[in-house]
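Asks: Sequence:
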Amino acid sequence: MSKTIKIDPVTRIEGHARVLLDCDDNGKVEEAFFCVNELRGFERILVGMQAHTLPQVTARICGVCPTAHHLVAAKALDHAAGVEIPEAARLLREFMYMGHVIHSHALSLFVLAGPDLVFGLTGNAATQNIVGMVAAEPELAGKGLRLRSLGQKINETIGGRGIHPVTAVAGGISFDLSDGQFQRLKELTAEAVGLVKELSGPVKTLLLRLFDDNPQLLDSLNLPTWYLGTVTDDGLLSFYDGRLRVMDEKGTIKTEFASADYRKFLAERTVTNSYAKEVYIDYEGAEHLYRVSTLARLNVVDGIGTPLAQAEFEQFRAKFGRPCHNAVIQMYAKLVELIYACERADQLINNSALRGDNRVPVTFTGGRGVAHIEAPRGTLIHDYEIDEKGIVRAANMIVATQQNTAAINKSIKAGANALFQGGEDEKMLNGLEFVVRCYDPCLACSTHAIGKMALAVEFRENGRITKTIWRG
Numbered sequence: 001m002s003k004t005i006k007i008d009p010v011t012r013i014e015g016h017a018r019v020l021l022d023c024d025d026n027g028k029v030e031e032a033f034f035c036v037n038e039l040r041g042f043e044r045i046l047v048g049m050q051a052h053t054l055p056q057v058t059a060r061i062c063g064v065c066p067t068a069h070h071l072v073a074a075k076a077l078d079h080a081a082g083v084e085i086p087e088a089a090r091l092l093r094e095f096m097y098m099g100h101v102i103h104s105h106a107l108s109l110f111v112l113a114g115p116d117l118v119f120g121l122t123g124n125a126a127t128q129n130i131v132g133m134v135a136a137e138p139e140l141a142g143k144g145l146r147l148r149s150l151g152q153k154i155n156e157t158i159g160g161r162g163i164h165p166v167t168a169v170a171g172g173i174s175f176d177l178s179d180g181q182f183q184r185l186k187e188l189t190a191e192a193v194g195l196v197k198e199l200s201g202p203v204k205t206l207l208l209r210l211f212d213d214n215p216q217l218l219d220s221l222n223l224p225t226w227y228l229g230t231v232t233d234d235g236l237l238s239f240y241d242g243r244l245r246v247m248d249e250k251g252t253i254k255t256e257f258a259s260a261d262y263r264k265f266l267a268e269r270t271v272t273n274s275y276a277k278e279v280y281i282d283y284e285g286a287e288h289l290y291r292v293s294t295l296a297r298l299n300v301v302d303g304i305g306t307p308l309a310q311a312e313f314e315q316f317r318a319k320f321g322r323p324c325h326n327a328v329i330q331m332y333a334k335l336v337e338l339i340y341a342c343e344r345a346d347q348l349i350n351n352s353a354l355r356g357d358n359r360v361p362v363t364f365t366g367g368r369g370v371a372h373i374e375a376p377r378g379t380l381i382h383d384y385e386i387d388e389k390g391i392v393r394a395a396n397m398i399v400a401t402q403q404n405t406a407a408i409n410k411s412i413k414a415g416a417n418a419l420f421q422g423g424e425d426e427k428m429l430n431g432l433e434f435v436v437r438c439y440d441p442c443l444a445c446s447t448h449a450i451g452k453m454a455l456a457v458e459f460r461e462n463g464r465i466t467k468t469i470w471r472g
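Every letter in the sequence shown is one number past the one before it in my numbering, and letter 183, counting from 1, is 183.
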């Protein structure tokens with residue numbers, strides 16, 4: 001008889017979600033759904049607000065990736081006002097953002113996915129967490145957490161606050177970088193570069209071991225999709241700015257477009273099983289499933305503009321090809337980007353243009369402001385309609401996880417059919433959650449659940465619960 005398996009909540013992700021699996025009479029998964037339980041609603045909350053407040057207000061959308069929303073809001077206001085910010089302001093904003101990427105990628109690799117790397121997918125749920133990882137690998141965990149802290153301190157030094165930064169404003173940056181702050185940033189950046197050099201080898205070894213120990217995931221999670229990511233004019237990796245490049249499942253670059261033209265290429269769709277909308281690439285009259293995030297970025301770029309990351313990127317591409325379709329490999333892609341973020345921060349602190357004029361006057365006369373940024377989990381777009389009095393009349397946001405939702409569903413289905421062949425044991429449940437964590441979905445808003453997150457899997461036959469497995 002058919003049954004439904006529910007994993008609620010999915011653990012060690014940022015936010016609260018559940019997984020539903022609809023199975024046929026033979027236990028094969030027919031449909032899989034990644035269900036986001038949170039309602040953001042910020043598109044409606046922003047209507048009626050003064051436009052100049054948006055960088056501070058939108059940072060409250062998420063306590064995990066506030067800097068992405070903070071900076072893309074400021075960029076959208078620049079666009080709405082029709083101003084070009086000073087070079088020093090642009091560099092400071094990007095420097096702040098490199099701190100955020102270092103913090104976020106280190107958090108993902110060492111805290112959320114780290115226990116999977118250290119213990120594999122067969123670990124005891126009671127110890128398969130950061131506390132257990134610290135006990136088992138104290139040096140690796142300590143250095144990884146220190147790197148995360150360095151990124152946050154860079155973000156805080158420029159952003160004014162580590163969480164919900166305040167210094168990016170329409171027209172630039174709201175403060176002058178002091179000698180003390182400059183020296184502090186130089187020290188933090190130098191330590192980050194040193195740490196990432198120490199950590200990259202051990203982390204890569206753990207990643208490749210995890211891939212080798214779980215061939216069923218590598219075999220089953222090759223999901224051909226289109227990809228979207230940001231590139232510089234030279235086709236290099238960029239987080240802060242650039243053009244959006246579209247690649248098809250065969251590796252052909254189909255088009256590039258500016259943020260303001262996203263409506264011509266992206267189609268949003270509401271779904272019945274989640275508060276997160278799905279998004280598809282609309283190209284030449286057809287809609288295509290696509291992905292954003294680390295793997296997408298490394299697929300679409302031609303290279304990386306820092307030496308250590310470029311060398312690792314060349315090994316990555318030689319091993320996995322272009323395009324690489326396997327969701328599990330996103331963990332490795334995150335390591336490549338972590339190296340880049342540390343090196344890019346070092347480039348920025350040594351750029352003489354970092355300290356100069358940092359703001360231009362801004363007046364809103366009515367119109368539309370659109371911008372994007374590469375959030376750690378993928379492309380993030382903010383779109384505002386602002387009237388002549390500087391009041392927001394409409395807002396739209398396309399976040400990374402909603403662009404990946406359709407692909408996550410397909411990956412969960414493939415992973416479940418690979419993992420649930422010998423019964424529903426602990427390894428299989430760990431593996432299914434790991435599939436979700438490969439996408440590093442960020443569902444968090446300004447509030448979070450407090451306390452221990454349990455796991456319940458329900459088995460249903462004809463709508464009746466026949467068995468429940470609890471993980472307390």
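The hints are simulated quantities; they were obtained by calculation from the structure and are not laboratory data.
Treat the hints with care, since some could be wrong.
Simulated crosslink set (DSSO-like; lysine-lysine; CA at most 30 Å straight-line) [to be verified]:
no. : residue 1 : residue 2
1   : LYS28     : LYS389
2   : LYS264    : LYS410
3   : LYS204    : LYS153
4   : LYS186    : LYS204
5   : LYS186    : LYS197
6   : LYS143    : LYS197
7   : LYS319    : LYS277
8   : LYS319    : LYS204
9   : LYS264    : LYS389
10  : LYS186    : LYS153
11  : LYS254    : LYS319
Derived DEER-like restraints, expressed as beta-carbon distance ranges [to be verified]:
no. : residue 1 : residue 2 : range
12  : ARG184    : THR255    : 41 to 49 Å
13  : THR127    : GLU198    : 21 to 29 Å
14  : ARG60     : GLU191    : 27 to 35 Å
15  : ILE45     : LYS186    : 34 to 42 Å
16  : LYS28     : PRO138    : 39 to 47 Å
17  : GLN183    : ASN222    : 42 to 50 Å
18  : GLN181    : ALA267    : 22 to 30 Å
19  : GLY321    : ALA286    : 19 to 27 Å
20  : GLY321    : PRO138    : 47 to 55 Å
Remember, it's a predicted structure, so these values are computed and weren't measured experimentally.
Backbone N, C-alpha and C define an ideal beta-carbon position, used for all residues, glycine too.
Asks: Take the hints in turn and mark each one as holding or not.
Replies: Checked hints:
no. : hint                        : result
1   : LYS28 x LYS389              : violated, 58 Å
2   : LYS264 x LYS410             : holds, 25 Å
3   : LYS204 x LYS153             : holds, 25 Å
4   : LYS186 x LYS204             : holds, 27 Å
5   : LYS186 x LYS197             : holds, 17 Å
6   : LYS143 x LYS197             : holds, 11 Å
7   : LYS319 x LYS277             : violated, 34 Å
8   : LYS319 x LYS204             : holds, 13 Å
9   : LYS264 x LYS389             : holds, 28 Å
10  : LYS186 x LYS153             : holds, 12 Å
11  : LYS254 x LYS319             : holds, 24 Å
12  : ARG184 x THR255: 41 to 49 Å : holds, 42 Å
13  : THR127 x GLU198: 21 to 29 Å : holds, 25 Å
14  : ARG60 x GLU191: 27 to 35 Å  : holds, 30 Å
15  : ILE45 x LYS186: 34 to 42 Å  : holds, 39 Å
16  : LYS28 x PRO138: 39 to 47 Å  : holds, 43 Å
17  : GLN183 x ASN222: 42 to 50 Å : holds, 48 Å
18  : GLN181 x ALA267: 22 to 30 Å : violated, 44 Å
19  : GLY321 x ALA286: 19 to 27 Å : holds, 25 Å
20  : GLY321 x PRO138: 47 to 55 Å : violated, 36 Å
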